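Trainee: Residue strings, one per chain:
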Amino acid sequence: MAQYVHKEHVENDINTTKLSLQEKIFPFLYRYGTLLVILLTVIGFSLANDKFLSYQNFTDILRSVSIITLLAIGVTISLIVGGFDLSVGSTASLATVTSAAALVLYRQETIIAILIPIAIGLLVGLLNSFFVVKVRLPDLLATLAVMYIINGLHLTFTKGFSIYNNMPLSEGGTAPGVFLPSFLFIGQGEIWSVPVPVIIMLIAVIVVHVILQQTRFGRLLYITGGNEEAARLSGVPVQRYKMYAYLLSAFFATLAGILLAARIGTGQVSAGAPLLMDGVAAAFIGFSVFGAGKPNVIGTFVGAVLIGILLNGLTMLNVPYYAQDIVKGSILIGALAFMYYEKKK
Amino acid sequence: MTILSLTSIQKSFGEQIVLKGVDFTVNSGEVHALLGANGAGKSTLMKILSGDYERDGGIITLNEKELTIKTPAHAKAAGIEMVVQEVDTALVSSLSIAENVTMNTFITGPAFFSWKKRYKVAQELLNRVGLTLDPAMPLSQCSLAEKQLVLIAKAISRNISFIILDEPTAALSTKEAQHLFSVLRELQKQNVGIIYISHRLPEIMELSTKVTVLKDGYVTLQKETSACTSEEIVRSMLGNELVELLNDEEDRILGDNLLEVKQFSVPGTGETVSLSVREGEIVGVAGLVGAGKTETARALFGADPSKDSIYMKGRKIRISNPQKAISAGIGFVPEERRKEGILVDYNVVENLTLPVLKQFTKFGFIQRKREKTEAEKWIKQLGIKTQKSSLLLNHLSGGNQQKASIGKWLLTDGDVYIFDEPTKGIDVGAKQDVFQCIKNLADNKKGVLYFTSEIQELLAFCDRILVMYDGKIAGELTKNEATTEKIMHYATGGHYGTVRS
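Top to bottom, those sequences are chains W and P. The first sequence begins at 1 in the UniProt record's numbering and counts up by one. The second sequence begins at 1 in the UniProt record's numbering and counts up by one.
Check before you lean on any hint, since a few could be wrong.
Restricting the straight-line Cα-Cα distance to at most 20 Å, the calculated cross-link-like pairs of lysine to aspartate or glutamate (EDC-like) are [stated by the list, open to error]:
no., chain 1, residue 1, chain 2, residue 2
1, P, Lys339, W, Glu229
2, W, Lys134, P, Asp304
3, P, Lys223, P, Glu206
4, P, Lys307, P, Glu271
5, P, Lys445, P, Glu279
6, W, Lys24, P, Asp56
7, P, Lys324, W, Glu171
8, P, Lys339, P, Glu167
9, P, Lys189, P, Glu203
10, P, Lys339, W, Glu228
11, P, Lys307, P, Glu260
12, P, Lys175, P, Glu454
13, P, Lys262, P, Glu279
14, P, Lys120, P, Glu86
15, P, Lys324, W, Glu228
16, P, Lys445, P, Asp470
17, P, Lys147, P, Asp56
18, P, Lys313, P, Asp256
19, P, Lys147, P, Glu206
20, P, Lys424, W, Glu171
21, P, Lys479, P, Glu279
22, P, Lys358, W, Glu190
23, P, Lys189, P, Glu206
24, W, Lys294, P, Asp345
25, W, Lys134, W, Glu228
Hints are computed from structural coordinates only; laboratory data are not their basis. Since the model is a prediction, treat every value here as computed from it, not as a measurement.
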C-alpha cells in the first residue's frame, strides 16, 4: 500500500490558478488602496468644484490636518508598543489652556507659554506610564481614567471658561496679558507661503519616521509591541520603552494643543476632545498604507491627509458637518477591513 | 464498517504549496498514525478534514459518498471531531467541566437543560474517559492532561465515527500518556476511527494499527504498523538522509565551574536548588511535566527573578532581570517558542540580532547592512532554511523558528546557555541540528544547562544528568551510570519509597 505520490502537474495547476484577476488585484489594493482612494477623492472633488485643486486649498487642507497629525503621531507611538493612549485629546486641551493662561493670565513670554505646557504634558505621560507600567492596568482603561482626570483638571483650573484676550477676571478688571504675535505665528504664520503648522507637522513626521525606522530606539519600540515577553527575555527593558512611548505620546499631544491655541488665539476649553477620535482614526487608517499592517508614522500622516481632504471637499460641496462623520467612519472601516482580510489570509 | 477517505487533497497558502495531492484513508475501529516533519502538512490535512480550512482540490468521501466539508459544522455533522493540540483554545476555562463537556447541548440541545441532568450526563462522559473529577469544578482548575481528557469527553458526547488527536501527549507525563492510551483503546473498541498525530515513535508503534508519513506535502509511507520499523518511518519522514543520533563516546574535557548556585530559591516552585555547570559541560536536567524545570530555568535567567544570587565564574551576581543575566553571559531558550522565544511578526535578521542590537548601532542608528551581513552568516551556520533573510519568522517551520530562537544567543557569545525543552514540537531533522549546535557550544568551552522531559535526548549527549522532582533536585547521575530506569526512578519520586503521580 506504500505510495510515493509525486504529482508534479498539480503544482503547475495551482500556479496557473494563482494568477487569477482577483488574486492579483487584492495585494495591489492592500498596498496602495488608501493612496488610490486619496487619488480618486482628489479627482472627484476637482471635477465637482474647480476651486478644489488650488495651492491655497492645498495648504488649507494641510494646515487643517497638521494638528490632528501631531496628535495622531502620539497615538501611533502608543500603538507601536502595543498600548493605546486615549488621554491625548484631554492632554491637548490641557496644553491649549495652560499656554493661553501663561500668556493671558500671567503675562509670560512665548517661550514660557510653550515650555510650561510641555512640562505638564510630560507629567501626564508619566502618570499614564505609572498606571500602565507600575500598577499594570490595561492601557485602554488606565488612559481612559487619566483622560477624565486631565479633562476635569483643566476645566477646574479655568472654571469652565475659555481664556481669551482682555477677558474679564472674577476679581475685577481684565486679564493683564495678551496672545503675543510671536506665539500666534506658530499657528497662523507662514514661511515662504507655507503655513508654519504645516512645516512643524512635516518636520515631526520625518523626524519620527527616521527615528522609528532607522534607530535602535525605534526598533525596540516596535519589538516591545511585537511580543513583550520575547522582547523581555531577549534583554529589552520593555517597561522602560513603554514609558518612553507614553511620554512621547503626551509630548506630541501637547504640541498639538499648543498649535491649536496659537491657531485660534484663545484657550478654548475641551478643544482637544474632538481631536482624539480623528487622531485614532488617522493612526488606524495608517496601518493600511503600503500594506504595512502595523502602526507607522507615514501611514498616520496619509490617514490624516485623507480625512482632511474628505472633510474639505465635502464642505465645499455643502455637505453638512454632521453628515461628514459618516464618511470618516466608512473610510476607517474600509481601511481596517482590507488590513484584517489580508492578515486573516 | 465506516470508511473515511481523502483522495488527492491539495492546499496552498499564497505562494506556498502545502499539500500536493494526499491520499489518506481511515476505517472505523482503527488507530491511524499520521507522521511527518514540521511543515510536512499534517496539521493542514487535518484542518481540512475538520473543516477549519477549505481544500483547493481533491475529494473527501464517507462510505464512498462524497462529503462537503467547508466549515467545522460540516465535519461535526459527518461525525468527525478534532482534539486540538492547544486544548485551551477549544475549551472555555471560565465555565465548569460539566458545561464544557456538554457544550454541544448548548448548540443543538433544548433551550432549557437542568443542571441536575447536565451534571449526570457530564459524569457519565467523564467516567468513559476515566476522569474522577467533580463536574461542577471550574475547568481553569484542571491540569493540562485533565483538560485533554475533558476535550475528548466533549468530543464523544455526540455519536462520533472519527476522532483526530493532534500531538495529544506533547505535554503529558508518561503516566498521563498511558492513561490516555487506555482511553483511546476503549474508543477503538467502540468502533471509533482514530487519527493520531504524533512525533513520538514509541507510542505510535505501541498504539497504532496503520501509519501514514507525509513529507513536503506528499505521502511517502503508508503501511500497517506491524509491517514497518521505526527506522523505516524516520527515513520516510526525512527522505533519504540518514539519521544519526548523536552518540559521542569520548568524554569532553571539562574546565572550571562557570555557573554555580547553592540553595537558590526558585519563586515558581517555592523550593531551592543547588547546581553547577563547568566549562565545556552539558548538564541535563530531567523531570516530568510539573517537576519545576521551567520555573528553575526562568529563575536562573532572571525571567522570574529569585531573591538569591548566583556565582558566575566565582563572582557573586544577583540576576534581577534578563538584562543582568545577558550581561553576565547567560543565554536562555525558553520553552514556549512562539510566545517567549521569537517575534513571529519580525524577520530572521531582526530576531537574530535583537540581544546584540547595540553592536550594530552607531549614534543610535542601526547599521542595517552590517546587521544583515552578520545575520546571514549565522543563518548559514545554523542551517535556517529561509528563502531570504527578510522573511518573517511566521512563515518558517517550527524547527527553523527554534534555530532562530537559539541562534540569537550565539551572537551574544555568552558563557552559559540554558535550554528549556528545545526540541518540543520540532521534527527529527531539526532536532539533529539543535543537538549539533548544543554540542558545538560545549566544544567551544561553553556551559550548557539542558532542561527536558525527553529522557532519550539526555542519555544521548549529556555529561551529567540532574533529575528534578517536585521542585527539588532529586538525584544526580553521571553519563556512565544514567539509564532510563534510574532517571524515571528519581523523576517519579521513587527515591522517597513511594511512587507519587
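Trainee: Each hint: holds or not?
Mentor: Hints and how they fare:
Restraint check for Lys339 of chain P and Glu229 of chain W: the C-alpha separation of about 7 Å stays at or below 20 Å, so the hint holds. Using a Cα cut-off of 20 Å, the hinted pair Lys134 of chain W and Asp304 of chain P holds, with the two alpha carbons roughly 16 Å apart. The hinted pair formed by Lys223 of chain P and Glu206 of chain P meets the criterion: a straight-line CA distance of about 15 Å does not exceed 20 Å. Between Lys307 of chain P and Glu271 of chain P the alpha-carbon distance is near 12 Å, which keeps this suggested pair within the 20 Å criterion.
Taken as a hint, the Lys445 of chain P and Glu279 of chain P pair is honoured in the structure, with Cα atoms around 5 Å apart against an allowance of 20 Å. With a C-alpha separation of about 18 Å, the suggested pair Lys24 of chain W and Asp56 of chain P falls inside the 20 Å cut-off, and the hint holds. Simply put, Lys324 of chain P and Glu171 of chain W have alpha-carbon atoms about 59 Å apart, too far for the 20 Å limit, and the pair is violated. Restraint check: the Cα-Cα separation between Lys339 of chain P and Glu167 of chain P comes to about 19 Å, which is no more than 20 Å; the hinted pair holds.
The suggested pairing of Lys189 of chain P with Glu203 of chain P holds, with an alpha-carbon distance near 18 Å, which does not exceed 20 Å. Proposed proximity of Lys339 of chain P and Glu228 of chain W is supported: the alpha carbons are some 9 Å apart, at most 20 Å. Only pairs whose Cα atoms come within 20 Å are accepted, and Lys307 of chain P paired with Glu260 of chain P is accepted, the gap being roughly 15 Å. With a C-alpha separation of about 14 Å, the suggested pair Lys175 of chain P and Glu454 of chain P falls inside the 20 Å cut-off, and the hint holds.
Annotation: proposed proximity of Lys262 of chain P to Glu279 of chain P holds, straight-line Cα distance about 18 Å (limit 20 Å). Taking the CA atoms of Lys120 of chain P and Glu86 of chain P, the gap is about 27 Å. The hint is violated against a cut of 20 Å. Of the supplied pair hints, the one linking Lys324 of chain P and Glu228 of chain W holds, its CA atoms being roughly 17 Å apart against a limit of 20 Å. Straight-line distance between C-alpha atoms of Lys445 of chain P and Asp470 of chain P comes to about 31 Å, which puts the hinted pair past the 20 Å bound.
For the hint linking Lys147 of chain P to Asp56 of chain P, the alpha-carbon distance of about 33 Å lies beyond 20 Å, and the restraint is violated. Proximity of Lys313 of chain P to Asp256 of chain P is assessed by CA-CA distance (about 8 Å); at most 20 Å being required, the pair is judged to hold. At most 20 Å may separate the alpha-carbon atoms for a hinted pair to count; Lys147 of chain P and Glu206 of chain P exceed this at roughly 23 Å. For the proposed pair Lys424 of chain P and Glu171 of chain W, the alpha carbon gap of about 75 Å is over 20 Å, so the pair is violated.
For the hint pairing Lys479 of chain P with Glu279 of chain P, the CA-to-CA distance comes to about 16 Å; that is within 20 Å, so the pair holds. In summary, the hint linking Lys358 of chain P to Glu190 of chain W is not supported, as the alpha carbons are separated by about 41 Å, beyond the 20 Å threshold. For a cut-off of 20 Å, the pair hint linking Lys189 of chain P to Glu206 of chain P stands: about 16 Å separates their Cα positions. Of the pairs offered as hints, the one joining Lys294 of chain W and Asp345 of chain P holds, with about 10 Å between alpha carbons and a cut-off of 20 Å not exceeded.
Straight-line distance between C-alpha atoms of Lys134 of chain W and Glu228 of chain W comes to about 15 Å, which keeps the hinted pair within the 20 Å bound.
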